[in-house]
Amino acid sequence: PYDDEAEAIAIANDTRYGLSALVLGKNPETCERVARQIDSGRVLVNTLAHEPRAPFGGFKHSGLGREMGRWGISAYLEPKTLMTNAS
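Numbered according to the numbering used here, the sequence shown spans residues 1 to 87.
Mixed in with the good hints there might be a few duds.
Computed list of lysine to any residue pairs in SDA-like fashion (alpha-carbon distance at most 25 Å, straight line) [said to hold, decoys possible]: (1) 60 to 20; (2) 26 to 16; (3) 26 to 1; (4) 60 to 11; (5) 60 to 8; (6) 26 to 41; (7) 26 to 45; (8) 26 to 5; (9) 60 to 26; (10) 60 to 24; (11) 60 to 83; (12) 26 to 12; (13) 26 to 8; (14) 60 to 44; (15) 60 to 33; (16) 26 to 49; (17) 60 to 86; (18) 60 to 38; (19) 60 to 32; (20) 26 to 2; (21) 26 to 9; (22) 60 to 2; (23) 60 to 73; (24) 60 to 48; (25) 60 to 27; (26) 60 to 41; (27) 26 to 43; (28) 60 to 14; (29) 60 to 5; (30) 26 to 38; (31) 60 to 6; (32) 26 to 50; (33) 60 to 19; (34) 60 to 87; (35) 60 to 21.
Rather than coming from a laboratory, the hints here were simulated on the basis of the structure.
Given these sequences and hints, build the entire structure.
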């Protein structure tokens, strides 16, 4: 239980972890405002849907980077520079 929106956000953020969070409510503007203030790698608002193209990974002590989407693919890439003298 919480007394107001600020306390609810403080409770949600009072952890060393931040993998995923869920915001439930009737007012879409309030839900979005609250969701934007939660320190979590993913915040679901009135849904449990998963989108495989969206990045997934945590904040704080949760996760080791990002999976899924274009953000996740970068973990599997190794940048390389190749310079050749064309003369």
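**OP:** Measure nothing beyond the straight line between the CA atoms of residue 60 and residue 38; if it is 25 Å or shorter, mark the hint as holding.
**Re:** Between residue 60 and residue 38 the Cα gap is close to 12 Å, so the pair holds against 25 Å.
Original post:
Taking 25 Å as the top limit, are the C-alpha atoms of residue 60 and residue 44 close enough?
Top reply: Answer holds: residue 60 to residue 44 is near 18 Å, not above 25 Å.
Original post:
CA of residue 26 to CA of residue 8, is that 25 Å or under?
Top reply: 16 Å, holds
Subject >> Given pair status - residue 38, residue 26, alpha carbons within 25 Å >> reply: 18 Å, holds
Original post:
Taking 25 Å as the top limit, are the C-alpha atoms of residue 60 and residue 21 close enough?
Top reply: Holds, at roughly 13 Å.
**OP:** Sort out whether residue 19 lies within 25 Å of residue 60, counting only the CA atoms.
**Re:** 8 Å, holds
Original post:
Are the Cα positions of residue 60 and residue 2 separated by 25 Å at most?
Top reply: Given pair residue 60, residue 2 holds - Cα atoms ~23 Å apart, limit 25 Å.
Original post:
Keeping to a limit of 25 Å between CA atoms, is the pair of residue 26 and residue 5 held or broken?
Top reply: Roughly 14 Å between the alpha carbons, so the hint for residue 26 and residue 5 holds.
Subject >> Given pair status - residue 20, residue 60, alpha carbons within 25 Å >> reply: 11 Å, holds
**OP:** Take a quick look at whether residue 26 and residue 16 sit within 25 Å of each other, Cα to Cα.
**Re:** 29 Å, violated
**OP:** With a cut-off of 25 Å on the C-alpha distance, tell me whether residue 60 and residue 26 pass.
**Re:** 29 Å, violated
Subject >> Pair hint residue 26 and residue 49, alpha-carbon separation not exceeding 25 Å >> reply: Given that 25 Å is the threshold and the Cα spacing comes to 18 Å, the pair holds.
Hints 2, 9, 11, 17, 25 and 34 from the list above are not met by this structure, while the remaining hints are.
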